[in-house]
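Peer 1: Using the sequences plus the hints, can you model the full thing?
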Amino acid sequence: MSPSPQQLIGQAIQHALRHWRWALFIGAANLFSNGTPFANSMIEVNVPSALVYNVLQFGFPLLAALHLADRAVDARRLSAPLAYGAAVLGTVLLGVWVVGKALTPFLGVVSWWSWRADIGLAATSSVWLGLGVAVYARLRQRRRVQAQLQAAELAHAERLRELAAARLLALQARVDPDLLFERLQRVSTELDHEPLRAQARLDALIALLRALQPHAEARVSTLARELQAVQAYARLISQDAQHTERLHVHLDEGLSERPLTPFVLLPLVRGLLQGAGTIWSLDLRGRSDGGTRIQVDALGPDEASTLQAAQALELPALADRLRAVHGPAARLQLDTTPLPRLTLDLPPWPAS
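Residue numbers are given in our numbering: position 133 of the sequence shown equals residue 177, and the series is strictly consecutive.
Heads up, some of the hints might be wrong.
[To be verified] Label-pair ranges, simulated between beta-carbon atoms:
| id | residue 1 | residue 2 | range |
| --- | --- | --- | --- |
| 1 | Ala363 | Leu175 | 22 to 32 Å |
| 2 | Ala130 | Ala361 | 56 to 66 Å |
| 3 | Ser325 | Arg62 | 47 to 57 Å |
| 4 | Pro394 | Glu297 | 17 to 27 Å |
Derived from the structure by calculation, the hints contain no laboratory data.
Idealized CB from N, CA, C, for every residue including glycine.
Peer 2: Okay, here's the thing in structure tokens:
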């Protein structure tokens, strides 16, 4: 619902009062400009009184009129030349023949003032105020164009991030045939001797396949979805297919729905767990700035085996995927002492 004319005028007056320093500046500038060169009659003029006249006649009214003109231009109800021209004309007419006359009983008037002086004041004030408003309108238009360009750049970057996330979701949904064949073969072997374990491993495989399927409306994955896939994979390769004894997971409360680049966490964890007997901890925590930190620490069995597993990862490719979705501030770092530690730092969402 659009505001009523009374509300618009009230908002414009409040705007002018909040910016009283600008009103003082406009009044002083108009007083000085009208003193030279067109009506050089500053001699015998009470300067403080004249300043009050100009501030109340032109300073506050012009600020209120510019506020209304800005809203009309932003709403595309009027063109900029028409809106700002009307603001100057309305300010001059109101200031000279309404506000000025109303102030005369309180502030007095010089003896030589006449209707011709009113016309001269209106003419010169129209010139000076018009020049000032023209500069203001030009600067404001430039800021609007810059803001529109920045918004377009941000929208383009967001579309690129969504495209990258969609591509990674599709890649993640593709089932690795080697993994599928090897796990199914192990399930088949266990059915003869450990049917319960085989059933648990099959359940873990089904859970992994479900977690890898992108949601119909998903533009990017989440910590919860990626963690679900990671835990299903860890169960799938565990001894009893029910526990994740080689991967200890901690997720801070309230982080489940935070966005995360797909096809990063699972390849990273899968590569680490391929190291024979290696044990890792996966810690997902929020940062003080609203970002997310994912930390993968080696727990054993020794430095050599964990370091070999960490260095076998394709870290540059994983880092590129992170930056494609989370922006250039996203970071993936490997520290090798005393035991390998991988840190994924994600900036606050949406990415900038």
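Peer 1: Holds or violated: 22 to 32 Å for the Cβ distance of alanine 363 and leucine 175?
Peer 2: Violated: the Cβ-Cβ distance is about 55 Å, outside 22 to 32 Å.
Peer 1: Holds or violated: the 17 to 27 Å window for the beta-carbon distance between proline 394 and glutamate 297?
Peer 2: The hinted range 17 to 27 Å holds for proline 394 and glutamate 297, with Cβ atoms some 22 Å apart.
Peer 1: Holds or violated: 56 to 66 Å for the Cβ distance of alanine 130 and alanine 361?
Peer 2: Holds - the Cβ-Cβ distance for alanine 130 and alanine 361, about 60 Å, lies within 56 to 66 Å.
Peer 1: May I ask you to test the hint 47 to 57 Å on the CB atoms belonging to serine 325 and arginine 62?
Peer 2: Distance hint for serine 325, arginine 62 holds at roughly 55 Å.
In summary, the one numbered hint that this structure violates is 1.
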